[in-house]
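Peer 1: What follows is the residue order along each chain.
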Amino acid sequence: MVYPNLDSKSSAKFVLPVGAVTELAGPLGSGKTEWLLRYLAGKPKLRVAWLEPGSGSGYSSFPTAFPEYGVSLERVLFVDCGRQLLWAAHQILKSQTYEVIVLRGDIGNQSLLDEMDFRRLQLLAEKSQLSVILLNEKPTQKGAWPIATQLEVARPAVTPDLLDFEVERGKPGFQVIKQRPRSIDGAGVGGSAAIPTWGQKAWQKLGLLPTG
Amino acid sequence: MAEAGLTSYRIACFRFQTEKTPEDRRGALEQSVAEACLQWSPQVAIRKGEAVFLEIGRSRNLFTERSMTARLMALGSRFGLQAQVAIENSAAHALAMARHTSEGGPRPGFDSLPLEALESFMNPFQALTPEASRSLRQLLVSVQQLGIRNMGEFCQLPICDFPSRFGKQGAALISRARAAQLVDLTAWPGFHPVEKISEQLDCECENLEALAFVLRGLIDRAMARLRGRNERASVVELELEFENWSTLKELKRNWRIELPVPQGSAAGLLPILKERLDHFFGKNALPAPVRKVFFNVCDTAPGRGAQKNFFSQKEEEAEARDSLIARLAERLGSERVFVAEKQERYLPEKSFVKLTGAQTALKANSRDSSEKGAPEIASRPTRLSSQPELLTKIHKTLIHPDGRRWNTLRWIGPERISGEWFAESSFARDYYRVVSAEGEQLWIFVDPSAAVYLHGFFD
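Protein chains in written order, with this note's numbering: chain A, 1 to 212; chain B, 1 to 459.
Hints listed in this document are in silico derivations from the structure and should not be mistaken for laboratory results. One or more hints might be untrue.
As the list claims (entries may be wrong) - In the EDC-like style, the derived pairs of lysine to aspartate or glutamate whose C-alpha atoms are separated by at most 16 Å in a straight line are:
| id | chain 1 | residue 1 | chain 2 | residue 2 |
| --- | --- | --- | --- | --- |
| 1 | B | 314 | A | 137 |
| 2 | B | 342 | A | 68 |
| 3 | B | 252 | B | 241 |
| 4 | A | 45 | A | 74 |
The whole structure should be built from the sequences, with the hints applied where relevant.
Peer 2: Structural data, given as structure tokens:
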């Protein structure tokens with residue numbers, strides 16, 4: 001096998017905030033879905049609802065790849081929502097039967113959710129204490145305040161086996177800085193050598209990695 | 001051994017008053033209650049118009065008598081019945097105790113029961129014939145003339161005097177009354193539930209909210225009956241009968257709903273029906289007040305078959321998941337809500353199948369605990385297009401029809417995939433993992449005609 005890859009242990013050591021909306025942004029092929037799958041592989045108890053805007057939306061998630069990243073297909077419910085993305089997310093969050101809800105929030109340059117939708121998702125996520133993860137090609141700029149964590153993912157061409165994280169949201173009043181998030185499965189947080197120094201600092205700033 | 005087996009019987013008598021129920025529905029009500037009782041015991045019998053009996057001795061490790069009493073009382077309130085529950089060693093004894101237990105009052109001992117309790121010992125499962133009733137009355141008068149006032153005194157009478165004084169029937173009665181305190185010797189009539197589950201209710205609902213409130217009770221009853229049979233509803237029918245207003249063309253409307261995932265609880269089914277009604281009536285109010293609601297279970301699927309685990313929420317979670325999948329499938333279409341399963345096909349876009357409907361729920365609820373860790377190398381992209389897109393390749397640059405460009409740095413591969421030569425869909429592709437200058441990783445294939453296609457992204 002010749003393909004280089006991510007360090008499979010790195011993303012599993014992170015924790016994403018519970019009861020909040022997290023955005024992972026990056027162009028197609030940047031590695032955000034891979035990172036998320038690695039992360040989910042490290043949390044085998046979590047059930048995942050994977051919401052897609054539908055078959056007409058170009059490149060949709062490819063279930064065959066999931067087991068290759070360590071995520072068994074039994075724990076993932078795929079939903080092609082079409083235009084009813086928010087309704088479906090609402091139903092899933094209300095039922096509290098899936099701990100992680102992954103949404104694809106845009107198709108190309110066209111955003112499928114607006115500020116009001118983000119706010120609804122935030123309130124529902126907070127109420128149900130579940131994690132909502134948005135996978136976007138471009139980071140949300142306008143009306144992104146309900147999103148607790150915004151991470152922009154890039155894969156440097158020179159080191160394709162590493163991911164570079166850029167934290168978009170770090171302004172005063174950013175909730176994750178003030179409050180250390182609870183891990184989804186109650187496990188503690190850990191560090192990783194695979195994350196570039198800049199990224200590690202950013203994660204420490206967010207309270208997602210221990211300092212020192 | 002046989003005696004030990006017999007004494008292990010414990011009979012619960014669920015006695016109810018049906019005076020408030022219209023006469024034509026009493027039979028159906030008894031049937032419904034008896035069916036719902038099947039969830040606790042397979043040995044159930046009905047005394048027409050008065051009581052339902054359950055043998056619960058064999059399930060004493062599952063339910064205590066106290067919890068069973070509470071469950072039966074809850075069932076009574078679910079069906080709108082005023083009920084008494086007594087648990088004794090025999091059906092006759094339990095019926096006698098239930099008849100003479102006042103609501104909220106102290107529970108009388110068997111010895112202090114009045115002589116009228118003897119009627120229960122004639123046949124607990126059937127009302128007396130006029131002839132049997134007459135002879136019992138005569139026996140009671142004779143016994144009272146002897147100064148006997150209650151069952152305790154009656155059972156102490158010497159049994160050898162009975163045949164000469166009260167005949168064969170009297171002797172049989174005292175034997176039964178004495179034995180009933182210890183074991184149940186009565187033959188139980190069989191109970192077979194009716195095939196179709198049907199519930200109806202009179203109401204006056206002027207809006208959907210009120211209707212949903214009525215529906216909850218109705219569905220709850222139907223689901224209790226289904227649970228008794230260890231079944232879940234897969235096809236249901238809802239019929240509304242409206243007030244006879246001159247503006248109405250049709251007085252009745254009905255919906256037949258084939259549930260994508262069988263439902264075994266009111267909490268799961270009600271949102272689906274509400275969704276259907278909301279969709280049908282939209283923002284408009286009901287065309288006229290609803291005066292009758294009919295709910296039928298037309299088809300069923302096997303239930304989960306497991307006894308409830310009090311220390312785990314798994315069953316509730318599975319029910320909630322079933323309900324969610326059914327709701328999503330009802331609104332979005334069943335083929336759009338799925339759990340994927342890998343299949344042995346070389347063609348990447350056909351390398352998985354979508355498990356929809358009931359299969360989705362089955363798969364989603366049966367988690368494979370032996371989840372393996374991720375392999376170090378992943379060979380398939382995380383995003384795939386069902387329709388590969390033709391790219392233009394100029395030197396090291398790939399150009400998409402919509403104008404996107406990728407300056408490629410590395411082409412890793414090829415991985416040759418070909419197959420299905422016997423079918424029209426035969427293919428031969430050389431797949432490459434392509435790293436662009438911006439760091440994006442693409443999954444590209446070159447076909448035998450040297451055309452380059454973009455098929456996916458290692459996103």
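Peer 1: Each of the hints needs a verdict: does it hold here or not?
Peer 2: For each hint, the structure was consulted:
1. For the hint linking residue 314 of chain B to residue 137 of chain A, the alpha-carbon distance of about 37 Å lies beyond 16 Å, and the restraint is violated.
2. Between residue 342 of chain B and residue 68 of chain A the CA atoms are separated by roughly 11 Å; this keeps the pair inside 16 Å, and the hint holds.
3. Between residue 252 of chain B and residue 241 of chain B, the direct Cα distance comes to roughly 5 Å. Compliance with the 16 Å bound is thereby established for this hinted pair.
4. At roughly 11 Å between alpha-carbon atoms, residue 45 of chain A and residue 74 of chain A fall within 16 Å of each other, so this suggested pair holds.
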